[in-house]
Amino acid sequence: MALAVAAGATVVGAMASILVPRQARAAVVGLSTAVAGGAGAVAGAVAAGGSHWQRSIPDILPLAGIDLAVDPLSGWFLVLVGAVTTIAGSYTIGYVGRTGAGPGSRGALFLLPLFTASMMVVPIAASVPALLAAWELMAVTSLLLVLTEHRHHDGVRAAAIWYAALTQLGFVALLVGTAWLSAAAGGTSFAAIRSATGLNPALTGTVFLLCVVGFAGKAGAVPLHPWLPRAHAESPSHVSALMSAAMVKLGIYGILRFGFDLLGGGSAWWWLVIAVIGGVSALYGITQAAVARDIKQMLAFSTSENVGLILLGIGFAGLYGLAGNRLAAGLALSAALLHAANHAAFKALLFTGAGSVVRATGTRDLDLLGGLVRTMPATTILFGAGALAAAALPPGNGFVSEWLLLQSLLHPGANAGTMLTVAAPLAVAVVALTAGIGVAAFVKAVGTGFLARPRSGSAAAAKESPASMVVAMSLAAVACAVLAIVPTQTMPAIARIAVALNSHAQRLPGPELVAAPVSGELLTVRVTQAAGGSIATIWPLWIAVAIVAVTLIIATTARSLGRPRRRTNAWSCGEGPLTPRMEYTATSFAEPLQRVFDDVLAPERSIDVTHADESEYHVAAVRFRQRIPDRIENRVYRPILALVAALGDRARVLANGSVHRYLGYMLVALLVVLVAGVVR
Amino acid sequence: MGLITRIVRSGRAVEKAPEPGPSHPGARALGGSLQIRHVDAGSCNGCEIEIGQAFSPVYDAERFGARLVASPRHADAITVTGPVTVNMARALRATYDAMPEPRLVIAVGDCARDCGVFRRAHGVLGAVEDVVPVDLHVPGCPPEPEQIVSALRGLTGR
Amino acid sequence: MSATVWVWVVAVGQAVLLAILAPYLLGITRAVRARLEGRGGGRVGQPWRDLRKLARKQPTSPEDASFVFTATPPVLLATSLVVAAAAPFVATLSPFAGADLIVVVGLLLLGTVALALAGLDTGTAFGGMGASREMIIAALVEPTLLLSVFALSVRVGSTDLSTIVAAGVRDPSRVFTPGSALAAAALAIATLAESSRIPVDNPTTHLELTMVHEAMVLEYSGRDLALVEWASALRLTILLGLLANLFAPFGIATELTGGAIAIGAVAFVAKVGVLGALLAAGEVFAAKLRLFRVPELLAGSFALALLAVLASAVLG
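Residue numbers (this note's numbering), protein chains in the order written: chain L, 539 to 1218; chain D, 61 to 218; chain V, 168 to 483.
Bear in mind the hints are in silico, worked out from the structure with no lab data behind them.
Since we're looking at a predicted model, the values are computed, not measured.
Be aware that one or more of the hints could be misleading.
Heads up, incomplete: computed chain D residues facing chain L, CB under 8 Å, no partners named [unchecked claim]:
(1) D100
(2) A130
(3) S131
(4) R133
(5) N147
(6) A151
(7) A154
(8) A158
(9) E189
From the three backbone atoms N, C-alpha and C, an ideal C-beta is built for every residue, glycine too.
Turn these sequences into a full structure, and let the hints steer you where they fit.
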């Protein structure tokens, strides 16, 4: 029912984008997208609540129909996608405005509901063709949406090419993997794959790796991430929010669906691969985020980081499950799923917040921002709340899931084996270091982006966003707050997911997950042992209440003492007023960190000194430029690209424009085919 | 280990406390705690050396609750030395303005009181009093550390 | 009254004790240092006099600063007070159903973040500089803090600080293991860095370019400054108290009787006093590191903490 509403609203939105005149186009499309998202989220919530539903629509695709089914796992991700869609849809109304150009053009607004609808189909697809069709539709629509502003910014085309190349590479891997799997299992529906027995471990391992290439690439995990900072930064912000908060989660969904459910858990090396990818992504992503000066690029790298943490949780869930440590496995899975939800909430908030900033100032460069706290107070407070969550500080929602992840890593179990005993503490170190650097990164974003004095004229002239955008951001903030205060309410759904994944794994020698290691009343998060007895407890609401209450008591007491406050110029050491040029910028803020990680980041610097004409001892100007490249891109992708380009150059010899030669090629090809047919 | 031996052998360098100066009306609000920011408004640095001595282990003004701090925002008083030069007048005024109330100005040395030997010299604007209100004078050219410490004792009341 | 109420009373009392003790601890470190330098030195109660006077003075705000600047001092003190109430200092009982290690580290970090934002909010070069340096140090210190205590929680199987400390009281022989020795070294370095002491930062410096913590608070005055300084002293007390109770949990009250709590309080004051004196003595012998050598020290302590966790996990 709710899904039907979602489908209907999507169709209305897509039609409206073409028919409605531009003054109202964005409002109608945004609203119907939001309604579709809300309906999807309701459907997801019902599914996560345990009700099943399935339907097949035959003959929609050539040679295959579309099978749809919902179970708790798809319900969970449907809720995430639907909720983010609601936020982004309502944000679109104000963000796109009435211009009718760029993101407000017919094409862009036609694609938006299609994109969100395809994202909602991915988790409920119940056969390989349905999944691949939805996946490809999602990839193509998002690619076109990334291209929306290609006339306005130089970087858009490069971003789109990177995105297209990597996402299609992933799709090919996925296509090969799933086709191979269906062939081996004797059916394309998920049910057939599930019931297939006696699959060769080498085959399932290879299929798993191919799926990981497809799904982890979409999730933006290192080393398949280079598209992510580009595409997230260059696309319009409602699209960035959708991609970062919702689309990358479907990569996570894919890994869970295939790894645990369809392929039945496999062996330990699978999950070690996932955990290593996760750990590397987390550290690499957050280090790049800490030194990035483009606000949206910084958020994009932080997406890599969070995906890394989620993958780390999934990897350890698999490892623990195979080692028979059900408690820790369930904990790690809960942490991963909860962090996926948390990341969807706070990243939707952060990207919409960044979008408001970009819309108001016209720049994404943190070095040119500042002072927005006075001109855009609502955006600043909302972005600050998102940053608190993203930095995993209490009482934010990111803190709860990182806490759960650390709890799972604390309990490798007595007979866990050498590998887990060593891997778990290393993972703790990765999570701790990621959290530490993450805090620095988000202090940089808030402190230099929003506080102090504006560093450029456009930042000084910023105006607060229209109400519909503020409302959309507030929706995301409310989602963050709910997840922060009553995270236990998600635990029944997570327990159902664990049970559903278990039911398959039990037939195969796969990982076992305990249903509900995390319990608690409304306000307590408690990790309980199988034997009973709690291991660790936090009270998220109490932490928040305690901090706020004590702060208020101190503030009112302090104010009642002493004299009234005086406003003066900032202390300038006695010399004239301070100018914004003297402020610390995002680059200068991150400089010490960049020095610490110099070997990892390898920044490219150039210093040009211009001397005065009269004497070379007098300096007329010094120009300092610095760029922090993506090293993985430089080391891995550039050589491959160079190789491909070189091969392409060579291949030009084959195509010299002579019709005779082409006819010759055709003749040779025909002969080869005929000979091959005869020989066989 | 050389440092430990030296610490044991040299013991305390601190001298007997000089008599406290006359109690200042501003002392009540301070309650035995005085943070000082120093401003050199154009001095010959003679007074700076003596102020430095006043906070050295020998005279140790810190035992009476006085402390030098890094920002006028943290300070209750500024010590100003030298005649105020044209270039330093604005900085002195800014420093005074930056201090939270109640605030005190201690003019240290004869130059700070009446420009001393620099009176009517090139580039000298005037005495400290011509730029900011002065609460306390410590006379001398330069004043001895004991004099400075006893003036500070009058402010901290200890 | 029921036991729950008494647990709350103890927690609030513990916070009050730490809040009162903190400035005296600062006074002790200054007195010890002055004595070793051959000076007379101020009285032990001098920091309290400073705070009282500052509270009566007029606070100032830079013209361009926002609410972040004015809200930070109460937030900073509040996070420290919540930790002081929850963590096991005098007694291992806490109304927060476990002063979780990760929560404690998170709350301390929240205070650091507030202060760094306030430093940036002033719009001065020094404020930004201090914030940048503080966050870089925090980015490396917080993981160390987390890991080194984690090394102890591996043994107990819980991140609850009360449980860790109580286990140490029950079975003192297990406190002295190779893992915990490494963890103690790492935690000691993290404590120095987190509380802005030599060799990471010099709390008495007057030279802005060498400042870390001081640079962030240069704009604060009056009661704002009093709150910030009080909170800094409280954070030092908290960190020294954790160091003391994790590696020498003797005397801490594990039950709710008046006598046990009195002994716990006395033992805590004595332990923290001794650690404070040691800290001051150590500072006389050390010089501040160059800023860009600090990460090397902190990376070293992070490595120590990682070794500690591995040692605890592998050796049990």
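Let me make sure I understand: some of the numbered hints might not hold for this structure. Which ones are they, in numerical order? 1, 2, 5 and 9
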